[in-house]
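There are 4 protein chains.
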Amino acid sequence: MLHQYNEKQVQIIIVAERLFAEHGFNGASVRDIAHGASVNIAMISYYFGSKEKLLEAIFAYRIGTTTIQLEHLLAQKEISTLNKIYIMIDHYIEKMQNNTHFFKIMLSEQIKDQENKGLIEIIFNSKKKNFDLISALIAEGQKTGQFKKHIDISLLVSTLVGATNQMYIGQQYYKRLNQLEDMPDDKFQALFKKRMKLYLKNMFNAILTYEL
Amino acid sequence: MLHQYNEKQVQIIIVAERLFAEHGFNGASVRDIAHGASVNIAMISYYFGSKEKLLEAIFAYRIGTTTIQLEHLLAQKEISTLNKIYIMIDHYIEKMQNNTHFFKIMLSEQIKDQENKGLIEIIFNSKKKNFDLISALIAEGQKTGQFKKHIDISLLVSTLVGATNQMYIGQQYYKRLNQLEDMPDDKFQALFKKRMKLYLKNMFNAILTYEL
Amino acid sequence: MLHQYNEKQVQIIIVAERLFAEHGFNGASVRDIAHGASVNIAMISYYFGSKEKLLEAIFAYRIGTTTIQLEHLLAQKEISTLNKIYIMIDHYIEKMQNNTHFFKIMLSEQIKDQENKGLIEIIFNSKKKNFDLISALIAEGQKTGQFKKHIDISLLVSTLVGATNQMYIGQQYYKRLNQLEDMPDDKFQALFKKRMKLYLKNMFNAILTYEL
Amino acid sequence: MLHQYNEKQVQIIIVAERLFAEHGFNGASVRDIAHGASVNIAMISYYFGSKEKLLEAIFAYRIGTTTIQLEHLLAQKEISTLNKIYIMIDHYIEKMQNNTHFFKIMLSEQIKDQENKGLIEIIFNSKKKNFDLISALIAEGQKTGQFKKHIDISLLVSTLVGATNQMYIGQQYYKRLNQLEDMPDDKFQALFKKRMKLYLKNMFNAILTYEL
DNA sequence: AATGAATGAGTTTTCATTCAT
DNA sequence: TATGAATGAAAACTCATTCAT
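Protein chains in written order, with this note's numbering: chain A, 5 to 216; chain B, 5 to 216; chain C, 5 to 216; chain D, 5 to 216.
Just so you know, these hints were derived from the structure itself, not from any lab.
A few of these clues could be false.
You can't tell identical chains apart in this list, so a pair holds if it fits in one copy or across any two.
[Unchecked claim] No farther apart than 20 Å at their CA atoms in a straight line, the calculated lysine to any residue pairs in the SDA-like style are these: (1) Lys131 - Lys179; (2) Lys133 - Glu11; (3) Lys133 - Gln175; (4) Lys179 - Phe135; (5) Lys205 - Glu125; (6) Lys55 - Glu26; (7) Lys132 - Gln176; (8) Lys152 - Leu216; (9) Lys205 - Ile157; (10) Lys57 - Gln183; (11) Lys201 - Gly149; (12) Lys153 - Thr213; (13) Lys205 - Ile155.
Construct the complete structure from the given sequences, taking the supplied hints into account.
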C-alpha cells in the first residue's frame with residue numbers, strides 16, 4: 005500500500021505536482037518535469053511506468069500521510085465537539101496551504117471526466133474517510149444536543165472543501181475586490197488566512213447549531 | 005462587445021466547451037473539436053484564430069448573457085430580501101446545471117496559473133458583477149435588521165460558488181456515500197438538486213442571520 | 005505580349021513584388037499579399053491563376069518596359085562609345101535603385117533550381133537583349149580601337165550585374181565596414197551611389213581599355 | 005566556438021544545404037530534409053532545435069573552416085603581390101565550385117530582409133575577415149607601387165564576389181548565349197572555369213594597376 | 001466580376017515513450 | 001540501474017486554392 009519512494013522519485017513527484025498544478029496534467033510535459041527535477045527524461049517512464057502512473061504516484065504519496073494525525077486529534081476526549089470542528093477547519097486550511105499544488109491537482113482531476121479509474125478510487129477512499137470522520141463528529145454533537153438534527157454530511161463536507169478551495173483559488177480576485185492590492189503578499193496571505201478561518205468557524209457554528 | 009456568432013461558430017463553441025470540460029483545455033485537441041462539430045480542422049483557426057482564442061470565445065459567448073436576468077429578478081420590490089437570496093441560490097444552481105461544461109471550464113481555468121490575461125479580466129469582471137449584486141442585497145438585509153452585520157461578501161460568494169461547485173462535481177461520490185447507486189439517474193438528479201437547494205438555503209439563512 | 009493590367013492587378017503586383025523580395029517567394033504568403041494589397045484572397049487566383057503565375061506576371065510587368073529607353077539612348081551618334089558605357093552604368097544603377105524589389109526577386113529566382121520554365125525563358129530573353137546591346141557597343145569601341153580585343157561579353161555583363169547587385173545587397177555591411185554607421189541613411193545612400201558609379205566607371209574603363 | 009557535429013548531424017546539414025540552395029529556405033521542408041538524410045523528422049528539432057537553427061548550423065559548419073588556409077597562402081613571402089591576388093581568385097572560384105550550395109544559401113539570405121540576427125553577424129564577420137585580408141594585400145601592392153592608390157576595398161570585394169557568383173549562377177545562360185549547348189557538361193564546366201579565372205585575373209590586373 | 005467561406009494537404013514542432021547500451 | 005538517442009504519432013496552425021453565390 006504505502007509505496008516507498010527513493011530520493012529521485014520524490015524529487016520527480018514534487019516537481020510534477022507543481023507543474024501539474026500550474027499548467028494542468030496535459031499542459032505539463034514529461035520533458036519539463038524531467039528538466040525541473042534534473043533527471044533524465046527516460047527516468048519518468050522508468051520509475052513510474054507512464055505519465056498517468058506518475059499522477060497516481062503523486063496521489064499515493066500525498067494521501068497516505070494525511071488523515072491519521074487528524075483522527076488522533078479528534079479522538080481526544082477533553083475537547084468539546086464544536087472545538088473539534090474548529091480544529092478540523094484550522095487543520096484543513098493549514099493542510100491546503102501547505103499542499104496547494106496537490107489540492108489543485110485533486111480538484112482538477114475531479115472536474116474532468118475521469119478516464120483514470122485508479123484515481124477515482126483513491127479520491128473516493130479519501131472522501132470516505134473524511135465523511136466517516138465528520139459523521140462521527142456530527143453525531144457526537146447531535147447526541148449532546150449541541151448540533152441540530154438532520155444534517156447532510158456529504159453536503160456539509162462539500163461546503164467546507166468547496167468553499168475553502170474557492171476562497172483559496174480566488175485569492176487574487178479577493179485582493180482586487182477588497183482593494184488590498186497594495187498590501188505586501190505575505191501580509192495579505194496572513195490576513196486572508198485569518199479571515200478565512202474566522203469566517204468558516206462562524207459559518208459552521210451557524211450551520212450546525214442554528215435551527216430555523 | 006457582444007459578439008454575434010454564426011451557426012457554425014456556435015456549433016464549434018458548444019463542442020469545444022464540452023471537450024474542454026471533459027478533458028481540460030490541453031487534453032482536448034482541435035482535431036477532436038473539429039470532428040465533433042463536423043467541420044474542417046482549419047475552420048477553427050479560420051473562425052477563432054487559435055485554440056486560445058476559441059476558449060475566450062466560449063467565455064464571451066457564455067458570460068454575456070448571464071447576469072442581466074438575475075439583476076431584473078433582484079430589482080423587484082415586492083420580494084423580501086431573504087427570498088431574493090433564495091431566488092439567487094435557485095438561480096445559481098439552475099444556471100450551473102444548464103451550463104455544467106462552462107462552469108467546469110471556468111473553474112479549471114481559475115485553478116491553473118493563468119497565462120491568459122484576457123480570461124483573467126473576463127472572470128474578474130464576472131466576479132465583480134456578482135460581488136456588487138450580492139453586496140447590494142446584503143446591505144438591504146442589513147438595513148432592515150434581518151441580516152447580521154460584518155459579512156465578508158467575497159467569502160460569502162466563494163461559499164456559494166465553491167460549495168455548489170463542489171457538490172455538483174462530487175455528485176457521483178455523493179451517490180456512493182449515501183447508498184443511492186441503484187436509483188435511476190434522472191431521479192437521483194432531481195433529488196440531489198432538491199437537497200442542494202434546501203441545504204444551501206438553510207445554510208445561507210443561518211450564515212446571514214445567526215449571530216453568535 | 006504586353007499584358008495590360010488593371011488597377012487592382014497592378015496593386016497586387018506591387019505588393020507581391022515587395023513581399024517576394026523581402027521574404028522570398030515561399031516566405032511570402034498569398035494571404036499577406038492579398039492583405040497588403042487590400043484585396044480579397046481569392047482575387048490572386050482569380051486574376052493570375054496561381055501564385056506562380058503571379059510571379060511571372062511581375063516579370064512580365066517589369067521587363068516589358070525596360071530596355072527600350074536604353075536602346076534609344078545608346079543609338080545616339082554624337083556620344084562617344086565610352087560615354088555610352090558610362091551612361092549604361094548610370095542607367096543600370098538607377099534602374100536597380102528604382103526597382104530594388106524586382107532585382108532581388110530576379111536574383112533569387114536565378115539562384116534556385118528553377119522549376120518554373122516560364123521564368124527561365126523570360127530571364128534568358130532579358131539577358132539576351134542586354135548581351136546584344138552591349139555586344140554592339142563593345143564592337144563599336146573595338147572598331148575605333150578604343151577598346152581592346154577579345155572581350156568576353158557574357159562575363160563582362162555578369163561583372164556589371166553581379167558586382168552592382170552585390171554592392172547593393174551588401175550596403176549595410178559596407179556601412180559597418182567603413183564606419184559610416186552614424187551617417188543618416190539618405191546621405192549614405194547618396195554617397196554610396198556616387199561611389200558605386202565612380203568605381204564602376206573606372207573599373208569598366210580599365211577592363212575595356214587596359215591591355216596587359 | 006567550433007561546434008563538433010556528429011555523423012548524423014553532418015548528414016542532415018549536407019542534405020539541408022542542398023535543399024535550401026535548390027528551393028530556398030522556405031521552399032525546402034523539414035520533412036524533405038529528414039527524408040533526404042534518412043533520419044526521422046523529429047531528429048531535426050532534436051539535434052538543432054528548429055529549422056532556423058539548422059540554417060545557422062550550416063553556416064557554423066561551413067564558415068569555420070574557410071579563411072584559415074587562404075591566410076596561410078597569402079602570408080608566404082616569396083610570392084609577388086599580384087600573384088597573391090591571382091591565387092586568391094583561383095581560391096575563391098575553387099571554393100565556390102566546391103561549395104555551390106552554401107554559396108547560394110549565403111547569397112539568398114543576404115537578399116532577403118534578414119530577420120535572423122544571428123546570421124547577419126555570422127555573415128558580417130566572414131566579410132570582415134575577407135575585407136581585412138584583401139586590405140592588407142592591396143596595401144602591400146600599393147606600398148611597392150604596383151597597385152594604384154585610392155582603391156575602395158569593399159567595392160573591390162563586392163566585385164570579386166558578385167561577379168563570380170553572377171557568372172556561376174548564369175552558367176546555363178552563358179552556354180546558350182555562346183552556342184555551347186552541344187558541349188558535354190564536364191567539358192563545358194572546365195572551359196567555363198578556365199575562362200572565369202582568366203577573365204577575372206585580367207580584370208583585377210586592370211582594376212588594380214590601370215590609372216586613368 | 002467578385003468574394004466570403006471553406007478545404008485538404010501541408011507546415012514545423014512537441015509529445016510520451018522505447019530502444020540500445 | 002540508468003541514460004542519451006531515437007521515434008512514430010500527434011499537436012496546432014497555415015498554406016494556396018476552390019467553391020457557391
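Structure-based check of all given hints:
1. Lys131 - Lys179: between (31 Å within a copy, 12 Å between copies)
2. Lys133 - Glu11: Neither way: lysine 133 and glutamate 11 sit 29 Å apart in one copy and 48 Å across, limit 20 Å.
3. Lys133 - Gln175: Intra 28 Å, inter 17 Å, cutoff 20 Å: inter-copy only.
4. Lys179 - Phe135: between (32 Å within a copy, 13 Å between copies)
5. Lys205 - Glu125: Close neither inside one copy (30 Å) nor across copies (31 Å); limit 20 Å.
6. Lys55 - Glu26: both (16 Å within a copy, 19 Å between copies)
7. Lys132 - Gln176: Intra 32 Å, inter 12 Å, cutoff 20 Å: inter-copy only.
8. Lys152 - Leu216: both (10 Å within a copy, 15 Å between copies)
9. Lys205 - Ile157: This pair counts as both: shortest intra-copy Cα distance 16 Å, inter-copy 16 Å.
10. Lys57 - Gln183: Classified as neither; 43 Å inside a copy, 30 Å across copies.
11. Lys201 - Gly149: neither (24 Å within a copy, 25 Å between copies)
12. Lys153 - Thr213: both (9 Å within a copy, 19 Å between copies)
13. Lys205 - Ile155: For lysine 205 and isoleucine 155, both the intra-copy (17 Å) and inter-copy (13 Å) Cα distances are at most 20 Å.
Hint compliance for this structure: hints 2, 5, 10 and 11 are not met, and every other hint is.
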